[in-house]
Amino acid sequence: MFSWDRQPQEACIDMRRCRRSAAGWTIWKQGRPEYMEHRFVFLLPAAVAIALTVMPAFASCITPDSEAPSDRDWNQLREEIAGFAPLEEPGLRVGAQRVFRLRPEGDASTRDALLARLSDMAPRIEELQRSMVIEPRRAVVLVESHTDGFDESMAFTYCAENGESHWLEENIDGLDALPAGTCLIVMFPDRIGGSRLYDFDLAHEWMHTMQRDAFGEAYGDEAWWREGSADWFAHKVVPAATERDHVIERFFTQQQSCELPDHSYDAQVFFFWGEPLFGLPWVFELGFASGDYLRQAEQAAELLPPGRWLDWAVAQAEEAITMPDGRPLPEQVHKPAIDLGRECRATITGPALSVQVREVSLPPEMGGTLQIEAGEAQVALRGVDGDWSRATGSTGIAPPPSPFTLAAISPSGADLSVDLSAGTATPSGCKCFVGRWIERPTAGPEDQLDGAREALDMLGGMGIGEEQTRDAADFLAGAVLRDSFRFRNEFAELAAEVRYDQSGPVLTIGPDGSFQIDDPHIISREDVRIDYRVYRHSGAWHDENGRLELDIATFTFDGIVEGPNSDGPQPITDEVTSASASAFTGGGGNWRAACHGNRLTLMPWEPPGHTPAGTAVELVKH
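The sequence shown maps to residues 23 to 644 in the numbering used here.
Distance ranges between label pairs, derived from CB positions:
#  : residue 1 : residue 2 : range
1  : E548      : H356      : 55 to 63 angstroms
2  : V406      : T599      : 42 to 50 angstroms
3  : G535      : R349      : 42 to 50 angstroms
4  : G215      : N193      : 26 to 34 angstroms
5  : T391      : A436      : 19 to 27 angstroms
6  : D198      : G329      : 52 to 60 angstroms
7  : V642      : G418      : 21 to 29 angstroms
8  : G535      : H644      : 16 to 24 angstroms
9  : P463      : N567      : 27 to 35 angstroms
10 : D534      : R152      : 54 to 62 angstroms
11 : R349      : V406      : 23 to 31 angstroms
12 : M625      : T275      : 41 to 49 angstroms
Just so you know, these hints were derived from the structure itself, not from any lab. C-beta: ideal position from N, C-alpha, C; glycine also.
Model the full structure from these sequences, guided by the hints.
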């Protein structure tokens, strides 16, 4: 899309909240290349309409990867139009917009189907024009092309600057009668499947002839407010159209990882919501907004006050938005599930100005409050058949009955981040211990080397070499144990070097009832080396009445061993499923869990009224 606005005008929407940078406008006008004199809008086919790419950061959506029209494209179109009959003004006007026609010589005496289509929809267009603050007055030239250029577009609009001559006059003889500021609509009938889609495309392009704004400086740069409002307009003019359902569906898919300004044609959903709430003039003022300030989320956020942005989020969560003709949308907002019964907290993230909706489940016997850390984000919650409760900042509320719906949006240029945490007033409340933890060393050695000796027995049974196994057993027998980890046996005075990959064993407690302890390490002495790249104990956890039971069922290891009799590095791998597997880390055990921010304390479990025996295990988030 090409064009430049010589005199940008304010087009503030809703309470005149939007702002512009005077310096920004200066830069815009100074950078205006002389050859970009026209506005140029394409309606692309579905195959190239939008490409969605999910990147590590938000705001990662990519608009169509379209190439700018080539000289060949323009030459083909110019040659085709040069062979047409002389320019006609058939007498049709759409409001104050004069209509001109260019078509092949041989068609001059036949019924003009394109003109008839426009004539049929003209009353509906004129009815909508009455809601515009400024009456559209640009003349429009209609052309049907059968060339194969312009990136397989179904249609495009090319408008001269206000007060300037059109490209047609500059390139084709006999067209000097066109009014200044004329728009050219080119339709490609061979690429449009069906009569209703043709009407829709024509209505979409007509909206572009009425937009008095500056268009982007690069082809394929489909601004969300221009293209979204143009598709909305086409739905108003051509009711019951379903040919663009895939575009509406794409909005809800992209919204998970895209800011509102990253959308394009699919942003029509925003206008579906805004029209009944704010009225037609609001839609047109936004659709006609000048300049490029709405490409930035921070600027676009000023279109509405924060509470109205939350209304937009709630409307999606309620599935209350409809097509302009009242039909349900072909797709609705995505609602991923969050289960706080397994995790003590959850974070809802998303890009700026994107609606994020979640279905949240709580533990059956959860007590206390639901803590919400929303910052400047806007949050609303509702239980089944209940009313919406709104929140922002830091607050604790009595949660709605579970499960409940949560809608959130960041009404600014900042990414969305909302933290939820559930109370734990009852023992079976939120499972705060679910997560990935690394054990910190504690004083007080208790465990022996039974697990390590059993591991050596297993290695001997694998044919590693009796002499090597015997030597390892000898230096284990003479070792002095200084065990400072519950889930690891550490050998301080072992006649060998033990080097661990991590500062402590990593305990991962999964939300699905599984857990694993990972502690890869290397044992080496002189010419003997055992490298455990995987050294894992796993099993199932159960939590009942405050007792966390860790049942180790499987020991898995994978690595290499190398010694004088091993004929080079030899792989060692196995998975043991037996009661003895627990001996490798001194057993799983029964615990009482206590969470403190990013720390987890596991106390040896004793029934209520009994004093816990043994040493507590301290872990931190990993």
